[in-house]
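Chemist: Read off the chains here:
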Amino acid sequence: DTGVSQNPRHKITKRGQNVTFRCDPISEHNRLYWYRQTLGQGPEFLTYFQNEAQLEKSRLLSDRFSAERPKGSFSTLEIQRTEQGDSAMYLCASSPTGSVVGAQFFGPGTRLTVL
Amino acid sequence: EDQVTQSPEALRLQEGESSSLNCSYTVSGLRGLFWYRQDPGKGPEFLFTLYSAGEEKEKERLKATLTKKESFLHITAPKPEDSATYLCAFPRDDKIIFGKGTRLHILP
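Going down the list, the protein sequences come from chains Z and P.
When the letters of the first sequence are read in order and numbered with the numbering used here, they come out as residues 771 to 885.
When the letters of the second sequence are read in order and numbered with the numbering used here, they come out as residues 257 to 364.
By construction, these hints were calculated from the structure, which means they are not laboratory data.
Some clues are possibly wrong.
Derived DEER-like restraints, expressed as beta-carbon distance ranges [claimed, not checked]:
#, chain 1, residue 1, chain 2, residue 2, range
1, P, 319, Z, 790, 27 to 33 angstroms
2, Z, 786, P, 271, 46 to 52 angstroms
3, Z, 798, P, 273, 38 to 44 angstroms
4, P, 258, Z, 833, 26 to 32 angstroms
5, P, 272, Z, 792, 40 to 46 angstroms
Using N, Cα and C, we set each Cβ at its ideal position, and we do this for glycine too.
Generate the whole structure from the sequences, applying the supplied hints.
Modeler: Pasting the structure below:
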């Protein structure tokens, strides 16, 4: 399968714990995006990378959130001191540089539940 | 504020009953309007990009159209496997802004 992959698919954690998610984009794609989606809402942009450079961060991305993309390959999204409001689906997408913006290819997501 | 508004929020149709989903937009300098399909527990799947009023695109039982104020996703003779949430979206800078979606349920 050459699509975007995300791990884990589901994560249940207790409030206050740290969690880390991984995204592996389509191999030839330079751009990688993180979105968050809650029930009944569309995905909301969190941050994006072009190669290893993080180019934009949403105000939704509080200081407890950090994302990295070492060597411009896979990316990780870490949430420190999780809160119940962090419960959501975390989606990763990738696209080739210079593509039509709409052609972002999404992974299956990681569903986070904070108890 | 630039945004898209989708209606209805949810739609139940009998198999074979054609209908349309609406996406009205207020976006300055629209550079494209997108439709995505999302199945439960999965990421959105890209369907179409529309760039200018009057443009139409088709894929199987789906046809997307664009006017200066809204976009429609027409579904002709739907089947149960067309059940999903359909998301309308637009690009802003290098990211995508999504609407809340229309949940479509096709009854056999």
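Chemist: For the hint 27 to 33 angstroms, verify it against the beta carbon of residue 319 of chain P and that of residue 790 of chain Z.
Modeler: Since the Cβ atoms of residue 319 of chain P and residue 790 of chain Z sit about 42 angstroms apart, the hinted range of 27 to 33 angstroms is violated.
Chemist: Does the hinted range 38 to 44 angstroms hold for residue 798 of chain Z and residue 273 of chain P at CB?
Modeler: holds, 42 angstroms
Chemist: Does the beta carbon distance between residue 272 of chain P and residue 792 of chain Z stay inside 40 to 46 angstroms, or does it fall outside?
Modeler: holds, 43 angstroms
Chemist: Do the Cβ positions of residue 786 of chain Z and residue 271 of chain P conform to the proposed distance bound of 46 to 52 angstroms?
Modeler: holds, 48 angstroms
Chemist: Could you see if the CB distance from residue 258 of chain P to residue 833 of chain Z stays within 26 to 32 angstroms?
Modeler: holds, 27 angstroms
Comparing the model with each numbered hint stated earlier shows that hint 1 is the single one that does not hold.
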